[in-house]
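> Next come the chains, spelled out residue by residue.
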Amino acid sequence: MARILPQTKSSAVNPLKSSQPLGAAFAFLGVDGAMPLFHGSQGCTSFALVLFVRHFKEAIPLQTTAMDEVTTILGGADNLEEAILNLKVRTKPKLIGICTTALVETRGEDCARDIADIKLKRAEEIAGTEIVLANTPDFDGAIEQGWAKAVTAMIEGITRPGEQVRQSKKIAILPGWNLTVADIEHLREMVESFGLEPVIVPDLSGSLDGTVPDRWVTTTYGGTSVEDIRELGTAEHCVAIGEHMRRPAEVLQKLTGVPYVLFQSLTGLKSADRFVSLLSEISGASVPAGVRRRRAQLQDALLDGHFHFGGKKIAIAAEPDQLYQLATFFTGMGSEIAAAVATTDMSKILEKVPAESVQIGDLGDLETLAASADLLVTHSHGRQAAQRLGIPLMRVGFPTFDRLGSQHKLTILYQGTRDLVFEVANIFQAYRQAPTPEELDPLRKRETPDGPRSSPLTRH
Amino acid sequence: MSSLSAKIQDVFNEPACDKNRGKDAKARKEGCSKPLTPGAAAGGCAFDGAKIVLQPITDVAHLVHAPLACEGNSWDNRGAASSGATLWRTSFTTDLSELDVVMGQGERKLFKAIREIKKAYAPPAIFVYSTCVTALIGDDIEAVCKRAAEKFGLAVVPVNSPGLAGSKNLGNKLASEALLDHVIGTVEPDDAGPHDVNILGEFNLSGEFWLVKPLLDRLGIRVRACMPGDARYLDVASAHRARAAMMVCSTALINLARKMEERWDIPFFEGSFYGITDTSEALRNIAELLVKKGADPEILDRTETLIAEEEAIAWKKLDAYRRRLQGKRVLLNTGGVKSWSVVHALMEIGMEIVGTSVKKSTVEDKERIKQLLKDDNHMFEQMAPRELYAMLSEHKADIMLSGGRTQFIALKAKTPWLDINQERQHPYAGYDGMVELVRQIDLAIHNPIWRQVREPAPWDCQSAMKDEPPSTTSETATVHALKKFAGMTADDFGEC
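Taken in order, these protein sequences are the chains called A and B. Heads up: the first sequence begins at 1 in this note's numbering, then just goes up one per residue. Heads up: the second sequence begins at 461 in this note's numbering, then just goes up one per residue.
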């Protein structure tokens, strides 16, 4: 069990986190016709917007209640109402997803009541648009919490409650934020290959997969439909992916009785096997030939790839579930987790991370802990640390702003695990250094009693 | 926040601002930032604006006193370049937790954070930024900075520009105030000379000031401080000994330029390094101001010689693009044309300006543009994304030059686009920069992808395939299609 080390510095150095409201907006972006709305000052929205755009290379719908000094003193209810009405008129969204920020939460605004009032007072004007609220102050949590809160809010606010007639083929899937567009597309195909009908909430593969629509759309285009969220209670089963999706799955179960299975990760042969077995069990169908073929390809990738992983020290900094997903992947290939840094201490999954300890912290911590590592694994902001340490950086998660196509990288099930094996092995091969007589000199080596780690023989 | 309110009133009352001069006392007091519309607002906050202006000072540790979002969502996101120190790219924030906010531990955490940074990085100065939440809970960053400066023996500069105070532009000005109050004039240089100038509002994006600085070097003009691009703390602290100043981005730092003139008698002019004629004009103005302040007048001749040489080279290089770009239509959609002289140069090589946004342009700018375009129908205040998309979809322009905010409107409308704002990848300043801009325009317009992305999929324009009733599609359609396609190359598909 990993020890969880709390943050002790007063100054975060090179933040690892993106903010909680950004995580909530991320989830709302996976719904068709959605418009996320930050309740805060215009800068809160502007920063998140720029970061999303840098990551996805897409226009991102995101609006602000534009709180200023006066409204901060008087209260933000009027701004909230005005923003909702303006959005309704200008963009005709099917969903307005409100994410609170530190500003209004510090003020102690009762946004739930404000929204209830607005819904009552403006019922006619806002008919046809769902309005849900995620309480996401920036001084708490990070992407994971924001994402989970938004999904929970959508289920609580939109899904029809009560036991309903179940459709035996329908599977509700609640993916964590760390699944890419490609992951979600792949997941859908996998589930469909068993004759099942997946409903994925949220579904970024419909909205942020990078296409060229034939008209200008101001909300999201594609993603889960509001109607599908309403009808979640008719699913036979629910699959949640990532520990942070436990709460939304529980809420769905409580509300509608739909039972859930939680996968903490879908990466790695064993997790994929478990998932595929579940699909086979639910559907009563045998595993299709194509899936068996993918499994064999992964087996072969493990065989070809493991040479590059054995004995390698990996330093990872990520949100808790992604940290677990990647750390188990690397240890499953024979590597060692030399440093594990997580954004927040709020997830139970951290104890299960296969590392001695997990530091709650930032990329400054990662840089300190990774001094003897062979590979850095984190988002694009790790580039400065990687450069200073002189070790390669594998970019994962959000934000990835200095590489194209991160949303199309597959990371789950047989095929995604296979791709990850190749990606890492290729990074190591690209960074291989030619041996030199000085490095290999056995006598020189004895002078620096650094243990086996410093041996160039084990170096990539 | 009373001192902050006073500061805001002060910067709103900017006598050197054209727009302000036209207002009566009451209108001036109301300030120049229009109230934002909730649900229909865009742009950064005052904190954003302050950070933009100060963060490129490269050897300073910039510490943001805030919950995570203000810094965590925005660090290392601008392309200013440094010729030395890299500390400015390391991000520091107090990352306030709920407990910090509820228990009122903000000031203590800030003080400790300053100590940690001083110990680990020993920078010449730490700039501390206040934000919405820390302003709201009443953290007194000025007091904390003062105490920390005394205790740790380094400059600790409070930057009081919380996001809720207003727009990005206001933040730019509040940042200038912080420099005036706490930095400029605190160090006496031992090498002040008659050819020392300040360049204000130059951000050195993509290193573009390095396209200009060698020209000044050649003339024997020393840049005392370029603010903020590639600046060191000591340059800024001793900037009050320059003899003259050029103000590059007027809306941002006009209060800085004017107050430096008042306090230290440093005359300034407003100029631009974008475009050929503007670059020449800027060099000329710098030399003239220096002469007025006592420099040897022989510098004027040397400047003219350099201008003549450089202009000839640049125009010759540009002329090579005339054949390729003649008649191409440009839509300029940026916060005010960066410089009318860019427009001038583009027109000089035969390009046509089909529209330009004048949202941030001064009256004078508008007049120049009007004269240049001979038709003010081409000027617009601001265009809604939908209109812009429609205009570009109908191919009413061959390229749009704008900032990242409208990038995807152009790209989704399958129109060439070039970034001329802060995220841009290429340096555009000076004579060589203008040539580079034109080269990039040429590359963008003539990229072979445009033909590919604009063509519909072949099956969407084969009427034989389209008209086939769905029940009989499979075999017959395939045979027809195969026959039709025989002997065609990929390029032919574009003709339908």
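Careful, some of the hints might be misleading.
A few chain A residues that face chain B, going by a derived Cβ cut-off under 10 angstroms, partial list only [what the hints assert, rightly or not]:
#1 60
#2 71
#3 75
#4 88
#5 212
#6 362
#7 400
These aren't lab readings, by the way, just hints derived from the structure by calculation. A quick note: this is a predicted structure, and the numbers were derived from the prediction, not measured. Even glycine gets a Cβ: it sits at the ideal position worked out from N, Cα and C.
> Would you list, in rising numerical order, the hints stated earlier that this structure does not obey?
As far as the earlier hints go, 3, 7 are violated by this structure, in ascending order.
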